[in-house]
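Q: Each chain, letter by letter, is given below.
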Amino acid sequence: MDLGYSESEQMIKTTAREFLERECPKSLVRAMEEDDTGYPRELWQRMAGLGWMGLIFPEEYGGSNDTFLALVLLIEEMGRALLPGPFIATVVCGGLPILYYGSEAQKEEYLPKIAAGDIVLTQAFIAPDLPTTRPEVEEMVVVKDGSYILSGVKLFAPYAHIADCLVYSSRVTEEDTLFLVDAKQSEVKSSVLPSIGSDKQCEVVLNNMPVSETNVLGKKGQGQEIIGKIGEWGSLAQCGFILGELERVLEMTVEYAKQRVQFNKPIGSFQSIQHQCADMVMDIDTTKFLTYQAAWKLSQQVPATKEISLAKARASDASKRVCLLGVKVHGGIGIMEDHDMSLYYRKAKAGEIAFGDGDFHREIVAQQLDL
Amino acid sequence: MDFAFSPEERKFKQEVDQFLIGEKETVIEARKELDSGTGFGSYVWDLLRKLGSRGWLCPTWPKEYGGLDLPHIYRYILTEEIDYYIGNLITVGAGMAGPVVLARGSDQQKNEYLPRIARGEIDFALGYTEPQAGSDVASLEIRAEDKGDYFLMNGQKMFNTRCHYAQYHWLGARTRVTEKKHQGISLFIVDFKTPGISLSPLWTVGGMRTNQVFYDNVQVPKDCLVGEANRGFYYIMEALDYERIFPSSGIRRDFQELVDYVKRIGKGKDPLVRQKLAELAIDIECANLFALRTAWILNNKRIPTYEPGIGKILRTETEHRLANTALQIFGHYGQLNKDSKWASLDGLFEWKYRDTLEYIIAGGTSEILRNVTAQRGLGLPRG
Numbered sequence: 001m002d003l004g005y006s007e008s009e010q011m012i013k014t015t016a017r018e019f020l021e022r023e024c025p026k027s028l029v030r031a032m033e034e035d036d037t038g039y040p041r042e043l044w045q046r047m048a049g050l051g052w053m054g055l056i057f058p059e060e061y062g063g064s065n066d067t068f069l070a071l072v073l074l075i076e077e078m079g080r081a082l083l084p085g086p087f088i089a090t091v092v093c094g095g096l097p098i099l100y101y102g103s104e105a106q107k108e109e110y111l112p113k114i115a116a117g118d119i120v121l122t123q124a125f126i127a128p129d130l131p132t133t134r135p136e137v138e139e140m141v142v143v144k145d146g147s148y149i150l151s152g153v154k155l156f157a158p159y160a161h162i163a164d165c166l167v168y169s170s171r172v173t174e175e176d177t178l179f180l181v182d183a184k185q186s187e188v189k190s191s192v193l194p195s196i197g198s199d200k201q202c203e204v205v206l207n208n209m210p211v212s213e214t215n216v217l218g219k220k221g222q223g224q225e226i227i228g229k230i231g232e233w234g235s236l237a238q239c240g241f242i243l244g245e246l247e248r249v250l251e252m253t254v255e256y257a258k259q260r261v262q263f264n265k266p267i268g269s270f271q272s273i274q275h276q277c278a279d280m281v282m283d284i285d286t287t288k289f290l291t292y293q294a295a296w297k298l299s300q301q302v303p304a305t306k307e308i309s310l311a312k313a314r315a316s317d318a319s320k321r322v323c324l325l326g327v328k329v330h331g332g333i334g335i336m337e338d339h340d341m342s343l344y345y346r347k348a349k350a351g352e353i354a355f356g357d358g359d360f361h362r363e364i365v366a367q368q369l370d371l
Numbered sequence: 001m002d003f004a005f006s007p008e009e010r011k012f013k014q015e016v017d018q019f020l021i022g023e024k025e026t027v028i029e030a031r032k033e034l035d036s037g038t039g040f041g042s043y044v045w046d047l048l049r050k051l052g053s054r055g056w057l058c059p060t061w062p063k064e065y066g067g068l069d070l071p072h073i074y075r076y077i078l079t080e081e082i083d084y085y086i087g088n089l090i091t092v093g094a095g096m097a098g099p100v101v102l103a104r105g106s107d108q109q110k111n112e113y114l115p116r117i118a119r120g121e122i123d124f125a126l127g128y129t130e131p132q133a134g135s136d137v138a139s140l141e142i143r144a145e146d147k148g149d150y151f152l153m154n155g156q157k158m159f160n161t162r163c164h165y166a167q168y169h170w171l172g173a174r175t176r177v178t179e180k181k182h183q184g185i186s187l188f189i190v191d192f193k194t195p196g197i198s199l200s201p202l203w204t205v206g207g208m209r210t211n212q213v214f215y216d217n218v219q220v221p222k223d224c225l226v227g228e229a230n231r232g233f234y235y236i237m238e239a240l241d242y243e244r245i246f247p248s249s250g251i252r253r254d255f256q257e258l259v260d261y262v263k264r265i266g267k268g269k270d271p272l273v274r275q276k277l278a279e280l281a282i283d284i285e286c287a288n289l290f291a292l293r294t295a296w297i298l299n300n301k302r303i304p305t306y307e308p309g310i311g312k313i314l315r316t317e318t319e320h321r322l323a324n325t326a327l328q329i330f331g332h333y334g335q336l337n338k339d340s341k342w343a344s345l346d347g348l349f350e351w352k353y354r355d356t357l358e359y360i361i362a363g364g365t366s367e368i369l370r371n372v373t374a375q376r377g378l379g380l381p382r383g
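Top to bottom, those sequences are chains C and R.
Taking this note's numbering, the leading residue of the first sequence gets 1, the next gets one more, and so forth.
Taking this note's numbering, the leading residue of the second sequence gets 1, the next gets one more, and so forth.
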């Protein structure tokens, strides 16, 4: 039993924090919201140089074979800095399913390039289901000469507009199958969805896109299983990102409460403010250890479905509660568009929804309770 | 980071588990005594002595005083095991008074009290609260006048729960009237057999007995003073920090009972019920992780600041929320008590809904602990 960071875990956190404090100021975060690509390409390459993209992959694929827990600690620092970019999409939602379900050829093709920071991957699973808005292309799979021709629309695919490869799901004879789709072909069109977090989630349209048999990820019909795993990994990674965001929100809020004077006293001396800050601590600390516990369990190569959903349900709810309290303590200044507090407030909503919100994960917990 | 218990720790847990299963009858009767609200009866004392004879009441204490010199993680394991089968049975002697005696008491006090606490032979009643001193402990007024060869005590205590079955009063009394109220309080160990002490019972809404205590010209020997005079307030605060690990396995047991019952009455597929139960499962795990974290901090010989306080909030509020959620799920039937044949789970949660209020208030209210978290954990200024 050791609930402290090991030396190497501490090293990851310290290095990442120093690097991101220097290289990822809020001015960059804001600039990337306006930027078309939405991520700093040059910084991405330097992060790859630090070994971040390959952290969790085996050495034979250019990685350093570290644990999921180490990855979560790194992502926690990214959340703290609000680092924009397709890190979770590429490494967790693209790289990990290839590592665990991909063919040897796929692993050799993609993983070293991911580790080197040369390619961006993203997931494209979520089919539109709004009766009021018709997708421009109908979902369709044609099997022809042992290869597939895919058409369809997927939503909320992070950074698909600059991605090299999509982990794309489609129904082949009633069963979901995953494909690794070359996103640079003209049959693939991605456009950025304007959203609360300005985080480049995209609509992806495939129009008669040919995909060869060798680009099926896992087995035919194994799509749901792999998507489930990606959902777990993604949830846990997102917990780390949320945790980092909330820790920074608390720091900012406490700093502000100490220096802001009203009624001739720092507002942090008032019990109403103190209790709100204490509630933030409770939400953050519980999110933290639920997240670490789940990541530790996953690092032991044992199933952690319940622990992950315990963590993401709490992280999602904590995310909105902590940010709202942060805004309230800041008062008027906290709702200014150019204040960091409102930046965190917007980004946190996207994190809350990503990979399932509190209600979604509580339902998984209920299943795990045999209900 | 490593969330796994070591093989020795797992073995220890198993050993405790086997012991409690082996003592099934005593355990069941002891739990009945505790749940009755009247305090320790013969079965609880019997169980305490049996636990004590193994060194399991005070496992972290030095061997010379009846402990086992073990790390705090063992106390966590014991607390969780005992909570699961009986309830939060920790004595005031083991949890609050003993550690202060160990840190601040005279050699004579250590030899006189610690081994008996560790053997499960005696307990203390906390004597802090007064009619005008609740959360503001420093306002206590009961007087202890230094009369040369004894202290003369006069005044009144309120909500001092264990007085009718403990042997000693762990008493905070005023030894000096100063402008700074907290600099005039001293701690005493007072034998309840001392002439001039009388009790008047008070009953909580949960059916638990607590007491008013009256001191009428009580003569207390000088050597009953603990540590230095006028430092009592600081000792009280220290004890709150050091020793509090709040277990969650008792809540987990009750929660499982609720989940099983919900399935039996066919409500397990109701999405609202599923959401509520899942949220409780999260809260219970959070409480558990905080207990573990506090034990780990103590294990590393560091002093927790706000963690025990949050641990208490998480345990006690989750326990209350569990009862509240159960009653919500039961609907009309939830209000029925154990005497009705229509009661759900023999009225367990109807009773818990009343009984759990005490834990939210006693030992530092949730709101006071939020103050502590803000001031000591985050460094916010005192109001």
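One or more hints might be untrue.
To be verified - Label pairs and their calculated CB-CB ranges:
(1) R:Ile303 / C:Ser6: 46 to 56 Å
(2) R:Ile265 / C:Gly331: 42 to 52 Å
(3) C:Met1 / R:Ser106: 29 to 39 Å
(4) C:Asn264 / R:Gln183: 24 to 34 Å
Said to hold, decoys possible - Reference listing, derived: stretches of chain R covered by chain C, where coverage requires no fewer than 3 residues with Cβ under 8 Å from a Cβ of chain C:
(5) 12-18
(6) 47-53
(7) 334-341
(8) 364-371
No lab work stands behind these hints, which were simulated from the structure alone.
We put the beta carbon where it would ideally sit given N, CA and C, even for glycine.
Q: Determine for every hint whether it applies to the structure shown.
A: Here is what the structure says about each hint:
At roughly 23 Å, the beta-carbon separation of isoleucine 303 of chain R and serine 6 of chain C lies outside the given 46 to 56 Å, and the hint is violated. Between isoleucine 265 of chain R and glycine 331 of chain C, the C-beta spacing of about 48 Å keeps the proposed range 42 to 52 Å intact. For the pair methionine 1 of chain C and serine 106 of chain R, the supplied restraint of 29 to 39 Å holds, since their beta-carbon distance comes to about 35 Å. Distance hint check: the CB atoms of asparagine 264 of chain C and glutamine 183 of chain R are about 27 Å apart, consistent with the given range 24 to 34 Å.
Here's how the region 12-18 of chain R fares: 0 of its residues keep a CB closer than 8 Å to some CB of chain C, so the rule of at least three is not met and the hint is violated. Remark: the region 47-53 of chain R is not confirmed as covered by chain C, as 0 of its residues place a Cβ nearer than 8 Å to a Cβ of that chain, below the required three. For the region 334-341 of chain R, the stated coverage by chain C is not satisfied: 0 residues place a CB nearer than 8 Å to a CB of that chain, which falls below the threshold of 3. For the region 364-371 of chain R, the stated coverage by chain C is satisfied: 4 residues place a CB nearer than 8 Å to a CB of that chain, which reaches the threshold of 3.
Checked against the numbered hints above, the structure breaks hints 1, 5, 6 and 7 and satisfies the rest.
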